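Protein chains: 2
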Amino acid sequence: MTDEPTIFIGNKPFMNYVTAVVMQFTARNAPSVTIRARGKFITRAVDVAEVAGKRFLEGNVTLKNIGIGSEAFQNEDNKTIRVSTIAITLERIKEPEQTL
Amino acid sequence: MTDEPTIFIGNKPFMNYVTAVVMQFTARNAPSVTIRARGKFITRAVDVAEVAGKRFLEGNVTLKNIGIGSEAFQNEDNKTIRVSTIAITLERIKEPEQTL
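Protein chains in written order, with the working numbering: chain A, 23 to 122; chain B, 23 to 122.
For reference, chain A alone in the conformation it holds in the complex (with noise of 0.2 Å):
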């Protein structure tokens, strides 16, 4: 269990979630932040993560971890669905220590 913070991907406009990502680093100061995307949204996640990452704040997070799994469902035929999930985790560089 973890207090870090997540941005669920969407269809809210494109760039609403790269300023949510972007404002985590920014004026939250987290030192990560994880990108969650299910099925057609997989690909938007990507998106995000590359915009937020190598454009706004490029030089300042790295990617930490991706990982890909599946969920199932029961849609109201009461059958199972099964659809593909991402977790994209952008992690804040460490500065180097300042030396006196």
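By construction, these hints were calculated from the structure, which means they are not laboratory data. Treat the numbers as computed from the prediction; the structure is a model and nothing was measured. Among these hints, one or two may not hold up.
Straight-line distance between alpha carbons at most 20 Å, and here's what the computed SDA-like set of lysine to any residue pairs gives [what the hints assert, rightly or not]:
no.: 1; chain 1: B; residue 1: K62; chain 2: A; residue 2: I88
no.: 2; chain 1: B; residue 1: K86; chain 2: A; residue 2: L85
no.: 3; chain 1: A; residue 1: K62; chain 2: B; residue 2: V105
no.: 4; chain 1: B; residue 1: K34; chain 2: B; residue 2: P53
no.: 5; chain 1: B; residue 1: K62; chain 2: B; residue 2: N33
no.: 6; chain 1: A; residue 1: K62; chain 2: B; residue 2: F63
no.: 7; chain 1: B; residue 1: K76; chain 2: A; residue 2: G89
no.: 8; chain 1: B; residue 1: K86; chain 2: A; residue 2: N87
no.: 9; chain 1: A; residue 1: K86; chain 2: A; residue 2: I115
Knowing the structure of chain A, use the given hints to seat chain B on it.
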């Protein structure tokens, strides 16, 4: 540079890609297979990796690595377009060495 087999995900029927991955491990005896996709096919690449690795090859392969990145190219209007990429590598689980 490596001879590691690579499956590029596009818009052929889903099971074609799953079969291609499974065949590399079974018929071709590949030690590892990398599933690659760009843009909207990224979600599909995750689906293929999950279905091939966890259903068809369960207990025989494991997730070795996932990489994400970006590629830039010029469209017809000479505008630079950025597209995200993914590379998912599945690896054969080493069988325990036989002891006499």
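Hint check results:
A distance of roughly 18 Å separates the Cα atoms of K62 (chain B) and I88 (chain A); the hinted pair therefore holds under the 20 Å criterion. At roughly 16 Å between alpha-carbon atoms, K86 (chain B) and L85 (chain A) fall within 20 Å of each other, so this suggested pair holds. At most 20 Å may separate the alpha-carbon atoms for a hinted pair to count; K62 (chain A) and V105 (chain B) meet this at roughly 16 Å. Between K34 (chain B) and P53 (chain B) the alpha-carbon distance is near 25 Å, which puts this suggested pair outside the 20 Å criterion.
For the proposed pair K62 (chain B) and N33 (chain B), the alpha carbon gap of about 10 Å is at most 20 Å, so the pair holds. The suggested pairing of K62 (chain A) with F63 (chain B) holds, with an alpha-carbon distance near 9 Å, which does not exceed 20 Å. As the CA atoms of K76 (chain B) and G89 (chain A) are separated by approximately 14 Å, the hinted pair is consistent with the 20 Å bound. Restraint check for K86 (chain B) and N87 (chain A): satisfied, since their Cα atoms lie roughly 12 Å apart, inside the 20 Å limit.
The suggested pairing of K86 (chain A) with I115 (chain A) holds, with an alpha-carbon distance near 10 Å, which does not exceed 20 Å.
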